[in-house]
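S.K.: Here is what each chain is made of, one letter per residue.
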Amino acid sequence: MTPRVVFPNKVLPYLLVAPQLAITLVFFYWPAGQAFYQSMLRQDPFGLRTKFVWFANFRKVLADPAYLNSIKVTVVFSLATAIVAMCVALLLAVMAEKVVRGKGLYRTLLIWPYAVAPAIAGMLWLFLFNPSIGSLAYMLRSFGIAWDPLLNGTHAMILLVSAAAWKQISYNFLFFVAGLQAVPKALIEAAAMDGAGETKRFWTIVFPLLAPTTFFLLVVNTVYALFDTFGIVHAVTGGGPGKTTETLVYKVYNDGFVNLILGDSAAQSVILMVIVISLTAIQFRYVERKVHYG
Amino acid sequence: MATVDLKDVKKVYPSGFEAVKGVSIAVPDKELCVLVGPSGCGKSTLLRMIAGLETISSGTVAIDGKIVNLIGPTERDIAMVFQNYALYPHMKVYDNMAYGLRNRGTPKDEIDSRVRATAKILELSALLDRRPRELSGGQRQRVAMGRAIVRNPRVFLFDEPLSNLDAKLRGQMRVEIKNLQRSLGVTSVYVTHDQLEAMTLADILVVMNAGLVEQMGAPLDVYERPASTFVASFIGAPPMNLLALTEGASGAALADGTAIAFAPREARAATLGFRPEDADVTFNAEAPSGALVLPALVEAVEPVGAESFLHCAAGGNRIVVRVAGRATATVGNQLRVVAKAEKLHWFDQAGKRVG
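For the protein sequence lines, the chains are A and B, in the order given.
Under this note's numbering, the residue at position 277 of the first sequence is numbered 277, and the numbers go up by one with no gaps.
Under this note's numbering, the residue at position 136 of the second sequence is numbered 136, and the numbers go up by one with no gaps.
Honestly, the hints are just simulated from the structure, not real lab data.
Among the hints, a few may not be true.
Claimed, not checked - Result set (DSS-like, lysine-lysine): computed pairs, CA atoms no more than 27 Å apart in a straight line:
id	chain 1	residue 1	chain 2	residue 2
1	B	K21	B	K10
2	B	K66	B	K7
3	B	K92	B	K66
4	B	K108	A	K200
5	A	K103	A	K200
6	B	K340	B	K21
7	B	K10	A	K98
8	A	K185	B	K352
9	B	K168	B	K178
10	B	K108	B	K92
11	B	K7	B	K340
12	A	K243	A	K60
13	A	K185	B	K21
14	B	K120	B	K178
15	B	K120	B	K92
16	B	K10	A	K185
17	B	K340	A	K200
18	B	K340	B	K352
Claimed, not checked - In silico negatives: residues of chain A with every beta carbon more than 12 Å from chain B:
id	residue
19	F27
20	F28
21	L109
22	D194
23	V220
The beta carbon of each residue, even a glycine, is placed where N, CA and C say it ideally should be.
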């Protein structure tokens, strides 16, 4: 319980929170309200005539096969990104624990990719895997894989997931390293004396004790893949080929700012808003009171 | 059947620090060996080397005559009770105890019967479904013991297992550990910094200091014939009174010039010692023969109940004398401390025992 602060002045407390409130109102609630309002409007491409259509935009969007496809793409992309980013990060963190000399240097190097801007990371991967000039694409072809992310949707998705996951690995790595350090050494030693080999120790002792970290990262990574990957999608595939890598966030941008169907785009934003709110609710409910052992 | 033999075991850390400087100990089958010493004396490192948790820089550790230097802790068939218990926090008590058996592929029904039997011995039967965080310190300690016992290993190792318990529980668990060890007949090595635990538990007492064994033997032998001033001051509470000697006009003398008659002839003693309970106080002026008599001034009186400790200033030293029951002397009294000649200990310049 935090003690209640009593201000003698009636106006001062409101003045003190005013800047925070102003920012929240201007940059969050106002645009959100605008989006909500616009989601019920239909406008011609030149913005000359506007009609209030109630929930017609939502009906239209939710019945649109392209939108349903986009949901599917987003689910596949988010889960794949989260799982790949976490598995690789966990593997690296476990390996980094074993390094005796230069542990600090090794860790620092692994954290670097997090500082690379998403669009740059995307371009990097795009060039590496470009079918005509990419060095890694050349290698793949020499292994007999007909690598072509420009025409093959699955290849494009793999490329996108790799780029998005690569960027997130550092962040996850950092948390896993911290999580691993928090596992008491005596427990590992006790398990060793109890006859558990290294692999067994990891799965029966270390991994269960990492559960709070893993759960936290799962939520963070999913949210990242859902909402923070616009730059990567834009740089790597632009939603193509066809619409095989068009995620929900990318579709909002595409429909609104490229195709200028503002009503549809706003309706999609509102749906995304609902998704974010529910994810945040889940996060608060479970992540805030993490599974604690002690 | 298991013996533990250490031969000239050394531990040098990469930093160059030598934690254990050549220790040889032989623990016979079914006996409990206690390693005791101040913190940093290398006793825990030595234990961890027996466990296989630390590499051995040189020398050999043998279990049952087989050198295990290169065998990992997983294969040594040793159980260890850790200082902070190291219970698996995400497992129930039952699973904590069953873990080691499961790893060794013991059949399920055998695991069940062994875990339940062990739980019964340790009075844990009602707690098998709890998690470690739902247990008290004493209960956790029992689970840690149970986890070691249930596997029926060749050797038990204890790393200061009682230091996290309160004094009353510690006394109780001490007796239980001793009884369990004796009834199970498992060779054990026990590390502690508590000399009382060491005295009461040990079949073999090993006093360590700065990476070396100072003295090894039966607890009472060590108590009665400490090999050095270090052992004399470490074993026993309150510790032995040690008085520095100088060369006086007629042989050995205390710092203030008081002549000491009984110093051993064969070697030059530098320190004289006697235990607080081997001395008595008297107000009589005439000195009893065949005893060391020191005029002393009482500086403090500590009544403990069954006995009292008199802290006195004598011959430029501070000494402690134990008297039975209530002390008649009070602070400021001038009296004489009398210690029988045969109860005196003599140590040379290097602190080693003479005579």
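S.K.: If a hint holds in the structure, say so; if it doesn't, say that too.
M.R.: Against the structure, the hints come out as follows:
About 5 Å separates the Cα atoms of B/K21 and B/K10, which keeps this hinted pair within 27 Å; it holds. Among the hinted pairs, B/K66 with B/K7 is consistent with the structure: their alpha-carbon atoms are about 12 Å apart, no more than 27 Å. Pair hint B/K92 plus B/K66 does not hold up; C-alpha atoms about 36 Å apart against a cutoff of 27 Å. Proposed proximity of B/K108 and A/K200 is supported: the alpha carbons are some 18 Å apart, at most 27 Å.
Simply put, A/K103 and A/K200 have alpha-carbon atoms about 24 Å apart, close enough for the 27 Å limit, and the pair holds. Distance hint between B/K340 and B/K21 is unfulfilled; the C-alpha atoms sit about 38 Å from each other, more than 27 Å. Among the hinted pairs, B/K10 with A/K98 is consistent with the structure: their alpha-carbon atoms are about 25 Å apart, no more than 27 Å. Of the pairs offered as hints, the one joining A/K185 and B/K352 is violated, with about 40 Å between alpha carbons and a cut-off of 27 Å exceeded.
Restraint check for B/K168 and B/K178: satisfied, since their Cα atoms lie roughly 16 Å apart, inside the 27 Å limit. As the CA atoms of B/K108 and B/K92 are separated by approximately 17 Å, the hinted pair is consistent with the 27 Å bound. At most 27 Å may separate the alpha-carbon atoms for a hinted pair to count; B/K7 and B/K340 exceed this at roughly 40 Å. Distance hint between A/K243 and A/K60 is fulfilled; the C-alpha atoms sit about 18 Å from each other, no more than 27 Å.
Among the hinted pairs, A/K185 with B/K21 is consistent with the structure: their alpha-carbon atoms are about 25 Å apart, no more than 27 Å. For the suggested pair B/K120 and B/K178, the alpha carbons sit about 18 Å apart, so the restraint of at most 27 Å is met. The suggested pairing of B/K120 with B/K92 holds, with an alpha-carbon distance near 16 Å, which does not exceed 27 Å. Between B/K10 and A/K185, the direct Cα distance comes to roughly 23 Å. Compliance with the 27 Å bound is thereby established for this hinted pair.
Distance check on the hinted pair: B/K340 and A/K200 sit about 63 Å apart at the alpha-carbon level, beyond 27 Å; violated. Under the criterion of a C-alpha separation no larger than 27 Å, the hint pairing B/K340 with B/K352 is consistent with the structure, at around 21 Å. Non-interface call for A/F27 relative to chain B: holds, since the shortest CB-CB distance, roughly 43 Å, exceeds 12 Å. Against the 12 Å criterion, A/F28 stays outside the reach of chain B, whose nearest CB is about 40 Å from its own CB.
Non-interface status of A/L109 relative to chain B is upheld: no Cβ of that chain comes within 12 Å, the nearest being about 23 Å off. With a cut of 12 Å on Cβ distances, A/D194 falls inside the contact zone with chain B, its closest approach being about 4 Å. Every beta carbon of chain B lies more than 12 Å from that of A/V220, the smallest distance being close to 22 Å; the non-interface claim holds.
In summary, the structure is inconsistent with hints 3, 6, 8, 11, 17 and 22 from the numbered list given earlier, while agreeing with the others.
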